[in-house]
Amino acid sequence: MSIVTVQLGQCGNQIGFEVFDALLRDSHSSQGLCSKRENEAYQTSCKERFFSEEENGVPIARAVLVDMEPKVISQTLSKAAQSGRWKYGQHACFCQKQGSGNNWAYGRDRISPCWPGWSPTPGLQ
Numbered sequence: 001m002s003i004v005t006v007q008l009g010q011c012g013n014q015i016g017f018e019v020f021d022a023l024l025r026d027s028h029s030s031q032g033l034c035s036k037r038e039n040e041a042y043q044t045s046c047k048e049r050f051f052s053e054e055e056n057g058v059p060i061a062r063a064v065l066v067d068m069e070p071k072v073i074s075q076t077l078s079k080a081a082q083s084g085r086w087k088y089g090q091h092a093c094f095c096q097k098q099g100s101g102n103n104w105a106y107g108r109d110r111i112s113p114c115w116p117g118w119s120p121t122p123g124l125q
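Going by full-length UniProt numbering, the letters in the sequence shown line up with residues 1 to 125, in that order.
Heads up, some of the hints might be wrong.
With a cut-off of at most 25 angstroms between alpha-carbon atoms, the simulated SDA-like pairs for lysine to any residue come out as follows [stated by the list, open to error]:
id, residue 1, residue 2
1, 97, 14
2, 79, 38
3, 71, 57
4, 47, 79
5, 79, 52
6, 71, 34
7, 47, 82
8, 47, 34
9, 97, 29
10, 79, 34
11, 79, 27
12, 36, 14
13, 79, 28
14, 79, 12
15, 36, 12
16, 36, 26
17, 71, 93
18, 47, 74
19, 71, 60
20, 97, 27
21, 97, 84
22, 36, 55
23, 47, 71
24, 47, 81
25, 97, 70
26, 71, 95
27, 97, 85
28, 71, 29
29, 71, 36
I should point out that these hints are in silico values taken from the structure, not numbers from a laboratory. Here the structure is a predicted model, which means the values were calculated and not measured.
Please model the entire structure based on the sequences and the hints provided.
In structure tokens form, the structure reads like this:
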């Protein structure tokens with residue numbers, strides 16, 4: 001069974017990168033805290049569940065990166081590619097052209113789409 005992660009915002013994208021990097025390091029490690037057979041099963045499981053592979057054998061993280069601005073996603077994508085061990089898929093990110101400027105209310109009330117009957121102020125219709 002494959003697992004797809006959804007990395008939301010700056011924190012989610014940065015932590016997601018670290019998780020995938022650790023998983024790939026684990027899958028290539030010769031040392032483990034368990035028997036050799038269990039370690040090999042864990043390594044295989046990590047690769048199969050969290051990564052797919054390109055034709056050239058480069059692991060591609062099964063993840064969707066989401067943020068309101070492209071800066072953090074661009075940094076995360078390039079950091080993974082620069083590692084040379086793995087990368088994210090080229091169509092795995094969603095972002096707006098502008099962010100909320102580190103202001104949650106601005107992003108929620110000004111940038112997020114509004115639906116009929118939805119009020120930008122909680123509790124009001």
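Status of the hints after comparison with the structure:
no. : hint    : verdict
1   : 97 x 14 : holds (20 angstroms)
2   : 79 x 38 : violated (31 angstroms)
3   : 71 x 57 : violated (28 angstroms)
4   : 47 x 79 : holds (20 angstroms)
5   : 79 x 52 : holds (18 angstroms)
6   : 71 x 34 : violated (40 angstroms)
7   : 47 x 82 : holds (19 angstroms)
8   : 47 x 34 : holds (18 angstroms)
9   : 97 x 29 : violated (40 angstroms)
10  : 79 x 34 : violated (31 angstroms)
11  : 79 x 27 : holds (19 angstroms)
12  : 36 x 14 : violated (31 angstroms)
13  : 79 x 28 : holds (19 angstroms)
14  : 79 x 12 : holds (15 angstroms)
15  : 36 x 12 : violated (33 angstroms)
16  : 36 x 26 : holds (13 angstroms)
17  : 71 x 93 : holds (12 angstroms)
18  : 47 x 74 : holds (24 angstroms)
19  : 71 x 60 : holds (21 angstroms)
20  : 97 x 27 : violated (36 angstroms)
21  : 97 x 84 : violated (28 angstroms)
22  : 36 x 55 : violated (29 angstroms)
23  : 47 x 71 : violated (28 angstroms)
24  : 47 x 81 : holds (17 angstroms)
25  : 97 x 70 : holds (7 angstroms)
26  : 71 x 95 : holds (9 angstroms)
27  : 97 x 85 : violated (29 angstroms)
28  : 71 x 29 : violated (32 angstroms)
29  : 71 x 36 : violated (42 angstroms)
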